[in-house]
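A.B. asks: Sequence:
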Amino acid sequence: MAMIQDIFSSFVALVPVTLAQSLILAFVVLGIMIPFRMLSFPDLTSEGAFPLGGCVAGVLLAAGQSPLTAIAAALITGFAAGCCTAYIHLRFRIHTLLAGILMMTMLYSINLRIMGRSNLSVFGMESLFNWSPFGQPGFPSTKIAIAGALGLLVFVLLYLYFKTERGTGVRAVGSNPDMAEAQGINVWTATIGGVGLASAFSALSGSLMVQSQGFADVNMGLGILINGLAALMIGEAITGKQTVLRQLAAPFVGAVVYYQLVSLCLAAGMPPPDLKLATGLFVLLMLALPSLKRGRAPGAAREVMRE
Numbered sequence: 001m002a003m004i005q006d007i008f009s010s011f012v013a014l015v016p017v018t019l020a021q022s023l024i025l026a027f028v029v030l031g032i033m034i035p036f037r038m039l040s041f042p043d044l045t046s047e048g049a050f051p052l053g054g055c056v057a058g059v060l061l062a063a064g065q066s067p068l069t070a071i072a073a074a075l076i077t078g079f080a081a082g083c084c085t086a087y088i089h090l091r092f093r094i095h096t097l098l099a100g101i102l103m104m105t106m107l108y109s110i111n112l113r114i115m116g117r118s119n120l121s122v123f124g125m126e127s128l129f130n131w132s133p134f135g136q137p138g139f140p141s142t143k144i145a146i147a148g149a150l151g152l153l154v155f156v157l158l159y160l161y162f163k164t165e166r167g168t169g170v171r172a173v174g175s176n177p178d179m180a181e182a183q184g185i186n187v188w189t190a191t192i193g194g195v196g197l198a199s200a201f202s203a204l205s206g207s208l209m210v211q212s213q214g215f216a217d218v219n220m221g222l223g224i225l226i227n228g229l230a231a232l233m234i235g236e237a238i239t240g241k242q243t244v245l246r247q248l249a250a251p252f253v254g255a256v257v258y259y260q261l262v263s264l265c266l267a268a269g270m271p272p273p274d275l276k277l278a279t280g281l282f283v284l285l286m287l288a289l290p291s292l293k294r295g296r297a298p299g300a301a302r303e304v305m306r307e
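Numbering (full-length UniProt numbering), first residue to last: 1 to 307.
Quick caveat, the hints were computed from the structure, so don't treat them as lab data. Model, not experiment: these values are computed from the prediction. Incorrect hints may have been included.
The calculated label-pair distances, taken between Cβ atoms and stated as ranges, are [stated by the list, open to error]:
hint, residue 1, residue 2, range
1, Gly-240, Met-270, 28 to 38 Å
2, Met-179, Ser-9, 18 to 28 Å
3, Met-179, Thr-243, 19 to 29 Å
4, Trp-188, Leu-160, 33 to 43 Å
5, Lys-276, Val-17, 37 to 47 Å
Built from N, CA and C at the ideal position, the CB exists for glycine as well.
Make the full structure from the sequences, and use the hints.
C.D. replies: This is the structure we're talking about:
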């Protein structure tokens, strides 16, 4: 009983920190969901766009620029990275996953060039999380309020966009590009714009994370893709994915739940190096579950026939 109380106390102490982190990283999950679900474009650019946004923001903050300028620059560079991935796929007929791997690999060198070193400290610099009119600047409660408000704004804007004619065209390209083209929708514009928008959100997350943690690192995106995919799987299991509203809600709900599960595992004493293994196994299970269900059905039918 005492052990359970200790685990619960440790978990409660971690909740504010992990909740703030999950709301920031929800934008990466959103950047994974948009190409994957709405465009049928499995993409790995997020793992490179996340540190790209962080490196760009870190350099600008260190140079004395405002946090909003750093965020805007991160959004622009992230959007450009996603557009390049989509262009490589469309122009050279390279598979989406390979195009994402190529872009992610090139972005590592680009990030090093941007910062001129492997990591950069911006601790003590002005950040978006110091602008809150309520709460203490830099505290988890302030980060939760700002990241939550920003997430709500993005959620509403995306929902309104995907309900427009242009947004419906993007979804149509993901459902059936040939039919969408026959209806007069520009497949190239929709694909490049959609993937670019997704990478922009990943870069936004990186810029916010740098302002939250106080440093930028070229390796800060390592493993972020598998974490984001795990969060997306959890979110879709909770909200479903039948409507635009559910699809947009899944990244935010999944990110919050996933990182709370991570904090619970840490509070229970799981070694941090084992978290990647546990995450990978969880994603594998979620992806394999439909196949396992289909695999049991024929066997069950044969049993019925034998009876």
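A.B. asks: Decide, hint by hint, whether the structure agrees.
C.D. replies: Each hint, compared with the structure:
Range check, Gly-240 to Met-270: about 29 Å between beta-carbon atoms, so the 28 to 38 Å window is met. Between Met-179 and Ser-9 the beta carbon distance is about 56 Å. The supplied range of 18 to 28 Å is therefore violated. Evaluation of the 19 to 29 Å hint for Met-179 and Thr-243 yields a pass: the beta carbon distance comes to about 20 Å. Restraint check, Trp-188 to Leu-160: a C-beta distance of roughly 24 Å breaks the suggested window 33 to 43 Å.
In this structure, Lys-276 and Val-17 break the distance hint of 37 to 47 Å, their C-beta atoms being roughly 20 Å apart.
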